[in-house]
Amino acid sequence: MPDFAIPEQVRPEDGHVGRRLPRIEDRALLRGEGGFVDDVPAKKGTLHVAFVRSPHAHAEIVSIDAGAALALPGVFAVVTGADMAAETDPMIVGFENPIDYYGLAVGKVRYVGEPVVAVAAADRYRAEDAADLIEVTYDVLHAVVDPVAACAPDAPKLHPRSDSNCVSKRHFVHGDPDTAFAEAERTTELTIRYPRNSITPMETYAVVAEANRETGGFDVLSNFQGPFSVHTVMALALRIRTAALRHRSPKNSGGSFGSKLTIFPYIVVLCVLARKARRPVKWIEDRLEHLSASSVAPNRVTKVEAAYTPDGTVTGLRLTHWDDHGAYLRAPMPAPIYRMHGVSTNGYFIRHLEVTNHIVSTNKCPTGAVRGFGGPQLYFAVERTMQRIAVLTGQDPLDVIRRNLISAEQFPYKAIAGSLLDSGDYRRTVEETVEQGDLAALKRRRDAARAEGRLYGIGYAACVEPSQSNMGYISTLKTGLERERAGPKDGAVASVTVSVDALGSVNVIGDSVPQGQGHQTALAQIVADRLGLTPDDVVVSLDTDTAKDGWSIAAGNYSCRFAPASASAAHQAATRVREKMARIAAANLNVPADEVEFTDGKIHAANNPDNAIPFYRIGGLAHWSPSSLPDDVEPGLRETAMWNAPELTPTTAKDEINTSLAYGFGFDFCGVEVEPATGSVTVDKYVSAHDCGTILNPGLAEGQIRGSWASAFGATFLEEFRYEDDGTFRSGTFAEYLVPTAAELPDIRLVHPTPHPSPYTRLGAKGIAEGNQYTTPVCIANAVADALGVEDIELPLKPAKVLEWVQAEEPPPSAAVAPEGAAGEPAGPTVEGSGEMQVPAPPERVWSMLLDPERMARIVPGCERLEAAGENGFAGAVVLGAGPVRGRFEARIDLTDLEKPHRARLAGTADGPLGSSRGEGAFELIAQGGGTLVRYRYSVELTGKVAAVGGRMVRGAARQLIDRFLRALVREAGGDADPGTSGGLSARLKRLVGGRA
Amino acid sequence: MKRLDRSGRHPVRIVLNGMPEEGFAEPRMLLTDFLRHEVGATGTHVACEHGVCGACTVRIDGKAVRACLVLAVQADGAEIETIEGLAEADGSFGPLQQAFHENFALQCGFCTPGFLMSLSEYLEKNPDPTVEEIKVALSGNLCRCTGYHEIINASLDAARALRERRGQTG
Ligand code: FES
Ligand code: FES
Chain C
3 MPDFAIPEQV RPEDGHVGRR LPRIEDRALL RGEGGFVDDV PAKKGTLHVA
53 FVRSPHAHAE IVSIDAGAAL ALPGVFAVVT GADMAAETDP MIVGFENPID
103 YYGLAVGKVR YVGEPVVAVA AADRYRAEDA ADLIEVTYDV LHAVVDPVAA
153 CAPDAPKLHP RSDSNCVSKR HFVHGDPDTA FAEAERTTEL TIRYPRNSIT
203 PMETYAVVAE ANRETGGFDV LSNFQGPFSV HTVMALALRI RTAALRHRSP
253 KNSGGSFGSK LTIFPYIVVL CVLARKARRP VKWIEDRLEH LSASSVAPNR
303 VTKVEAAYTP DGTVTGLRLT HWDDHGAYLR APMPAPIYRM HGVSTNGYFI
353 RHLEVTNHIV STNKCPTGAV RGFGGPQLYF AVERTMQRIA VLTGQDPLDV
403 IRRNLISAEQ FPYKAIAGSL LDSGDYRRTV EETVEQGDLA ALKRRRDAAR
453 AEGRLYGIGY AACVEPSQSN MGYISTLKTG LERERAGPKD GAVASVTVSV
503 DALGSVNVIG DSVPQGQGHQ TALAQIVADR LGLTPDDVVV SLDTDTAKDG
553 WSIAAGNYSC RFAPASASAA HQAATRVREK MARIAAANLN VPADEVEFTD
603 GKIHAANNPD NAIPFYRIGG LAHWSPSSLP DDVEPGLRET AMWNAPELTP
653 TTAKDEINTS LAYGFGFDFC GVEVEPATGS VTVDKYVSAH DCGTILNPGL
703 AEGQIRGSWA SAFGATFLEE FRYEDDGTFR SGTFAEYLVP TAAELPDIRL
753 VHPTPHPSPY TRLGAKGIAE GNQYTTPVCI ANAVADALGV EDIELPLKPA
803 KVLEWVQAEE PPPSAAVAPE GAAGEPAGPT VEGSGEMQVP APPERVWSML
853 LDPERMARIV PGCERLEAAG ENGFAGAVVL GAGPVRGRFE ARIDLTDLEK
903 PHRARLAGTA DGPLGSSRGE GAFELIAQGG GTLVRYRYSV ELTGKVAAVG
953 GRMVRGAARQ LIDRFLRALV REAGGDADPG TSGGLSARLK RLVGGRA
Chain P
111 MKRLDRSGRH PVRIVLNGMP EEGFAEPRML LTDFLRHEVG ATGTHVACEH
161 GVCGACTVRI DGKAVRACLV LAVQADGAEI ETIEGLAEAD GSFGPLQQAF
211 HENFALQCGF CTPGFLMSLS EYLEKNPDPT VEEIKVALSG NLCRCTGYHE
261 IINASLDAAR ALRERRGQTG
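Going down the list, the sequences are from chains C and P.
Just so you know, we're using the working numbering here: the first sequence kicks off at 3 and counts up by one.
Just so you know, we're using the working numbering here: the second sequence kicks off at 111 and counts up by one.
Treat the hints loosely; a few may be bogus.
[Stated by the list, open to error] Calculated Cβ distances over 10 Å to all of chain C for the following chain P residues: (1) R113; (2) P130; (3) F134; (4) V175; (5) V180; (6) V183; (7) E189; (8) E212; (9) G219; (10) Y232; (11) D238; (12) E260; (13) N263; (14) D267; (15) L272.
[Said to hold, decoys possible] Under the rule of at most 20 Å between Cα atoms (straight-line distance), these lysine to aspartate or glutamate pairs were calculated in the DMTMM-like manner: (16) C:K253 x P:E194; (17) P:K245 x C:D686; (18) C:K159 x C:D727; (19) P:K173 x P:D115; (20) C:K159 x C:D728; (21) C:K110 x C:D141; (22) P:K245 x C:D749; (23) C:K45 x P:E148; (24) C:K902 x C:E838; (25) C:K687 x P:E194; (26) P:K245 x C:D5.
[To be verified] Beta-carbon label-pair distances, calculated as ranges: (27) C:K46 x P:D115: 21 to 31 Å; (28) P:S249 x C:A909: 39 to 49 Å; (29) P:D171 x C:S850: 47 to 57 Å.
By construction, these hints were calculated from the structure, which means they are not laboratory data.
Don't be surprised by glycine CBs; every beta carbon is placed ideally from N, CA and C.
Chain P extracted, bound-state conformation (with noise of 0.2 Å):
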């Protein structure tokens, strides 16, 4: 890796759910603060800052990644997918979207970026989970409101949409 300037503020350039973006970082600038207050994507929340919540969950070139627990200068040059992303290109909601829409699988909603970029990637890696299987893939993600009911209903139910999308353009 480049070193780089303790004090100094260095460019990071990323390609934010398919758009460029461009922002300044000290080396020990947080990718959550960089999106949420450099590129200002306030779409990803932050609940604890040490990796175990879940809810700075981002895609970095695909892969679900907690975004709390990586630099903004080792994002540089990746592509980042985040919540901002996952509607349609007319706006409307995408299957993730329309799922916990329709099975009432957030509240407060601050944890809801972090499940659906968790499922997102899910969902790609296994199309047809069990709910054993969602109940492990998403027990890095906590919520606090909703008793996870609604959110493994919404993933099957988002599972299914996806499946059939495929089938229809595949």
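So that you can see chain C by itself, here it is in the shape it has in the complex (with noise of 0.2 Å):
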């Protein structure tokens, strides 16, 4: 039985707006007719790219040979950074900066996983099979992937053209915070480290492109979202003119929430591949590119002073940033610090604030957007401070949110840092979802929980959502001199065009480019109820081209762009086709065009639905009889809007903005319980609240909010990038990024709040996508807070870490207990092992074995040749693989203290495409009956691809390696390896080979 939270709401003057419309999209996503990138048949002849991508989080580039790769058949170019340099200009970003970026990696690399050879071969495998015969060689340099650390003046720096790795950095005063902190009663700090994630969305980045003689641009098909502004920016780095850049969408896109921003890096260096080829190029992503490489959330560390009274009204805050943005800055970035700038206070009434932004480059992933889009961690912030405010206070956190919201009679209301918070009643919002969520019960839940000893806590967060950014915000991060000399930037232009054809059928296009939000179906809503259509009669097509279509710089899916600002322009469209067509039946129905109406299918006067005309008639006379049209109306039907709010408005001489145009509101409480043995953490209950304005469609809207608390909840307990200090990836697969699945995400209840309309979009919707990034992680973490009376929250919740924080306020519990999930964290850099076995031939003979070139070649598990280098040394290439990846590696191992027959240590290292490592081990060989017990051990470093693929995998590749290359050396020396026929050895060489690695 379907079961929802969100109730329809249809407004009188609506028909099917408000209505659980089931979605239009899914009559082909159902039938698996959708068209995504990778489903629109290629041309023939297209070639497939592969990339070549650096194992080391910063080194210089010594060499690149693809000599080889060029040489197999089916390969047709391959384009380096330095083709880049040469051809095309550094994607340009929102402000000056030091910072030369190409795509590919220009002398330098500067994080695992960064582009460095593109190759383009007639298909997948291929380019793959070539990928891997590109030859790289690198110096290493030290890293830095702490953005604190990053700007120490002795940090390993990553840009040439700069001499600190903080590559912004402003500082903003609004109000009076020095007098307010001056004067304050009490004061607190507390520091914030907010991880790096993302969501990830199912579908990965898919480019193809082709060079276009004609024009001398592109063409190019991707998955990309917008914002369109960065179409200029690819444009330019191509050095052609915009309008050659022709860039199409396709109807579906698997997902993005942010990511598929930052894709066009990789159309600037396939459009350049593409014209080197003289083919169209293909890209489909993978995982483990998509996971290293494509784009996430910059992590942030934030110090928050909060100036406060007695009773934990906040007089001013404080809040410095460092938001580290990994190796590179892609347009728009830095902009989600920005974007929260506006709602730096949130809903509070707080009128005193400094803010100091740090914006920092690491040895890290480039970040782009994510849904969130910097306020997960801003509020990260904020609702840790006023859940300590009210520990310090010895309030409940929930009196200390209620006393410092702003009130309803204040709206609309301009915050401190410049955003004019639109409509609502936050304190209204508060006391409905506290009454419909039973808070009550869950208190007592709580004190019963807690009189049987238990760990439990409840914690609240509260959120101001915005929607619809102001295209100008991002230039808060320049200066007012800088602004000046720029010119002025503002605004938020949605284009949706609508058109009716001879036969009154409609047509309704737009710039919003869904990736699975429903937009088709609440448009066709929308421009029904202008129409007096139904949703069936209406048919959108939001597959994009910038050929042909309305867009701006604005145009795409981010931000929760779609509920107010497409809304809007379809009903501004749908309105002006409206009038238009009003008119022309006003003169056959010969009333005024005001007095005429839209109803099933009609155009009839308003006081006599008798005097009527059939809406295709009137579709009819626009196209066939333009000399039957009233003088000064012109033939066709065909609107386009462009749609802006005038309150978007540029960034003040103070640095105020206003940066987004809609503000819902949110509201959170939980209750969680903590397994004290084992650190792990219970949602047991989970309250969350919209007010939103109008919706649209509560089927869709519904879908957003419970998609947002699962990445949320993803965010909270599981997903994190994880790097070593030394910049090594960690987080390469889907089983090493651990995403929330059906079995461990809890349901959540939803509770409906009083809708309070924007008065500033057209339907009075604003967006609600993003709503639980902002509450869920920091409403869980109060909670932990509550329970464990705690003030350093770190996130993922991970049970080993949870576990430090219980064992910190407790004593350790009486019986030893392992933590879970500690067995399941990836291992360190290190993979290490031991064992010993038997050989059925004396030590002369191995000693002989192990020192002959040609017959280790015939043992070592995919050796592709192997000679002697030095005295006692080896070199030769060897393919190995773990899990998902698999490649070619140069390997030189070198032996030393040797003593014939005894013993001997070796050294080694091994570097290929899928990363490098760095072993060392030791062997012995004892005399035993006619044979030789061996007895080995062995320690390898990894970096690159193949540590991100996590140690669990490599862990299983390197036990099954040594005990291929055991078999294959009692095989060689004369024994029976096979299992199948001698089973003692075989279980023994398992026992000694599995047990130990």
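Reconstruct the complex from the two isolated chains, following the hints.
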């Protein structure tokens, strides 16, 4: 039985808006007939692209040799950083900065997974083969991964044009924070570290590019999501006219959550490659590429200082942010921190604010948009602070929230940093949520649990939910003077075109580039209502084509733009069509145009429904009989609205910025229990409410809230891109970067509070898709803080970490308990093992085998060639794999401390496109009976792709390799290592080799 | 298994949703690439290619299998069912599709083929599952858009519809 929390709400003036209309999109998707990039048939002759990527976090590129790859049949072209530097200009970002970014590494690599070479071949398999044959040598440099450490004067520098990794620093003062802090009765300080995560859509990046000799530009098909301001960035980089960069997006995109903004550097690279190969080129990113090198939300360190009164009223706030953007800035970065600038004080009445933003480069994947866009980081800091103040003043945290919230009479409310909060009644939303979500019962559960000595806590979080970004906010990072020089930037234009043909059929196109949000359905509802039709009468096409569509720089799908902006544009375009049709109809009905109504496919006089003409007849007249139209009415029926809101003004001289147009409000509370023996946290109950004004389609809206909850739950408990201190990347598969599944995601109780429509959007709708990104991580963190009485809560809440907090507060449990999850944690950077085995040959023979390159070549698994190098060394090439990754390594092994035929030590390296390893080990040969007991141990450190697939897979692969090597050694020595005929030895081998590594 | 030439292309014959199909594949070609790009059946999606996300789930001789972990040549001679085969004979939604539609159980729809194919097998094995059983049955399918809530409700609805249908015909 369908079970929905948000009720249908149809306004008197609408027929379909507000209804839970099942989605039009499903008709194709549920039949397997969607149109995603990779479903669009490629032209014959289209080449496939693979990338050679950096195994190092920071290194000089010494040489690139693509000779062997180009010699392979079916390989057409390669592009390197040097080609990019010669044929393109660096991709610009919104302010002067010291970073030159070309999409491929030029001279130096700055993060693991960075693309170094792109190769185009006849099919994907050949492209991968070719990539493996490209030899890149590196000179490894020290890396820096912590944003605060990266700002130290002696930190390794990423970019030669800057003497600091802090590439932008801005200081903002709103009100009089100095006085507020000087006069404060109390102050508190908290440091927050927000981790790196993303929402990793199921469909990865996909690009098809072809050179267009007619325009001198390129035709591109990709699942780029906008904003289309970046279209300019691409065209400038490619040194072509913007109009000659034709970008199309197909009708379906498999989720984005922000990530498909930063496809654009790959588009630039593919264009260059297509030109060189003289063929269309296509690239479908794989999962490891996506996880290691596509886009992530910036991790952030924030120092919060709050001034407050003894009753918990906050009188001043100081936020110092170190926002970690990884190796490069790509437009519109560092936007997230500035998008939230106007609401730095959240929904609270705080009139004195100081903000310092450090934008920092580190040796990690560069950042991009991720659902929540700067909000999770900001609100985690602000809402943790509210909870701290409650603890410090001995109050219920909910009372501190209530006390500080803006009151209903204050709307529209101009926040001190510039956001114009359009509408709402935050206190009422809180009370409705408390009531309907039954906070009283939850408190009783908590009290009962605590009475039994269990660790139970309640958390709260409130958030202002901005939607439809002001395209001018990023200019806030420039000084007033720089802004003046650059000219004003503001607004956020949305475009929808509505046309009616000669038989009265309605077509709608728009610039909203959906990735699953149901825009086709919602637009059909809006346009149908304006024209007195049903959604089935309306065909909505949302694939885009920059050469043909109405679009402007704000086009795309991001920052909850659809409900306020695209819905308004659709309303406006449909209204214009309606007005024009009304005028044509009025002449036929003999009534004034403003007395004409549209109902059930008819256009009629308002006071006499029988005085009517069919809708399609007016379509026919407009197209077939221009001569019968009123004098000043143009023929045809096609209206494009370019909708903008006047409230989206530029940054003021005082650095105030109305960062978004419509601001919803969310309020959540939850109860959690911490298991003291293991540190695992269970969400007992989670209640969430969002006032997002008018709801266009409750089925779609609810899907957005529940989806946001799921990814926010992931961010809270599971998801983090992990890097070692040396920049080694550890989260390259979905087995290491865990995301929530149906099995562990708890259900939430959704409360639908009284809506407060936005006065600034056409239908009163505000965005709804990001709310839980803001509230959930900090709501649960506050509950854990409440349960444990701790101050520093760092996400994700992995049991091992939580256990440390439990143990810091509590005496250790009586019995030694291994923390749950500790075993599942990926290993450190080292893979180690040891063992022993029996070989049926005397030590002398085993010794000579081990030192004979020819025999070793037969024994070493995956060995392609091996030769003696130096006095006691080998060099060669091996093909090795771990889990999904497989590749060719250039290996070198040197033996030292040789005591023939007893023991030796060895040290070696293996480098390849998949990564590097440095290892050492030793073996000992002990005569035993007529044979030899071989004892060995090894320890290998890994970097690059191999490391990214994670400890579990690498350890498994290492075990298998050693197992195969030893079997081969026994076989070579004349023994029988076949498991079928020699169970004893095989079992022993398994025990020895499998048990330890 | 017969030995295949590494770089040669070998004929692969399958029955796809009841219709015979034939194409050629190198031994290393994945079944997903074969279905999508040799046969042109793009309903099956690929999202991880390491067996974790379930998006590529198809049924091979009735069993729900991750097609990204199967080589095309291994499927030679098999009967394969995919999302394209779930509709009724007249083209209208089958019970699983209808339940997903009514429950808003998909957004981008990229994960959906995998969920549908996993469920189509699971609901045959367990026609009357509890919510907890469905959660476990679907734990090998990742969705990043929905919060699974709608998918679970759709699964319950589909199970009911399938039971009713079986009641009628059986
Ligand atoms: S694509 Fe096969 S399981 Fe993910
Ligand atoms: S609907 Fe988009 S991933 Fe499931």
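The hints, checked one at a time:
Even its closest Cβ contact with chain C, about 19 Å, leaves P:R113 beyond 10 Å, as expected for a residue assigned away from the interface. For P:P130, the requirement that its beta carbon stay farther than 10 Å from each beta carbon of chain C is met, with the minimum near 19 Å. Distance to chain C confirms P:F134 as a non-interface residue, since its nearest Cβ pair spans about 12 Å, more than 10 Å. At roughly 17 Å, the least C-beta separation between P:V175 and chain C is larger than 10 Å, which holds for a residue marked as non-interface.
For P:V180, the condition that its CB be more than 10 Å from all CB atoms of chain C holds, with the nearest at approximately 14 Å. The claim that P:V183 is not at the interface with chain C holds, since no C-beta of that chain comes within 10 Å of its own (minimum 14 Å). At roughly 17 Å from the closest C-beta of chain C, the C-beta of P:E189 stays outside 10 Å, upholding its exclusion from the interface. At the 10 Å boundary, the C-beta of P:E212 falls inside the reach of chain C, the nearest C-beta of that chain being 6 Å off.
Against the 10 Å criterion, P:G219 falls within the reach of chain C, whose nearest CB is about 3 Å from its own CB. Once the 10 Å rule is applied to beta carbons, P:Y232 is consistent with being away from chain C; the minimum gap is 12 Å. Its beta-carbon lying about 15 Å from the closest one in chain C, P:D238 satisfies the requirement of being farther than 10 Å from that chain. Not every Cβ of chain C is farther than 10 Å from the Cβ of P:E260; the closest lies at roughly 7 Å, contradicting the non-interface assignment.
Non-interface call for P:N263 relative to chain C: violated, since the shortest CB-CB distance, roughly 5 Å, does not exceed 10 Å. With a least CB separation of 7 Å from chain C, P:D267 falls inside the 10 Å interface cut-off, contrary to its annotation. P:L272, annotated as away from the interface, keeps every beta carbon of chain C farther than 10 Å; the closest lies near 15 Å. For the hint pairing C:K253 with P:E194, the CA-to-CA distance comes to about 19 Å; that is within 20 Å, so the pair holds.
Note on P:K245 and C:D686: the hinted pairing holds, with a Cα-Cα distance of about 18 Å set against a maximum of 20 Å. The hinted pair formed by C:K159 and C:D727 meets the criterion: a straight-line CA distance of about 15 Å does not exceed 20 Å. Distance restraint check for P:K173 and P:D115: the Cα-Cα separation of roughly 28 Å exceeds the 20 Å cut-off, and the hinted pair is therefore not satisfied. Straight-line distance between C-alpha atoms of C:K159 and C:D728 comes to about 14 Å, which keeps the hinted pair within the 20 Å bound.
The hinted pair formed by C:K110 and C:D141 meets the criterion: a straight-line CA distance of about 9 Å does not exceed 20 Å. With a C-alpha separation of about 11 Å, the suggested pair P:K245 and C:D749 falls inside the 20 Å cut-off, and the hint holds. Taking the CA atoms of C:K45 and P:E148, the gap is about 14 Å. The hint holds against a cut of 20 Å. Proposed proximity of C:K902 and C:E838 is supported: the alpha carbons are some 19 Å apart, at most 20 Å.
A hinted pair counts as satisfied when its Cα atoms are at most 20 Å apart, and C:K687 with P:E194 does not qualify at roughly 39 Å. For the hint linking P:K245 to C:D5, the alpha-carbon distance of about 17 Å falls within 20 Å, and the restraint holds. Hint check: C:K46 to P:D115, Cβ distance near 25 Å, so the stated range 21 to 31 Å holds. In this structure the hint that P:S249 and C:A909 lie 39 to 49 Å apart at CB holds, the actual value being about 44 Å.
Under the hint 47 to 57 Å, the C-beta atoms of P:D171 and C:S850, about 52 Å apart, fit the expected range.
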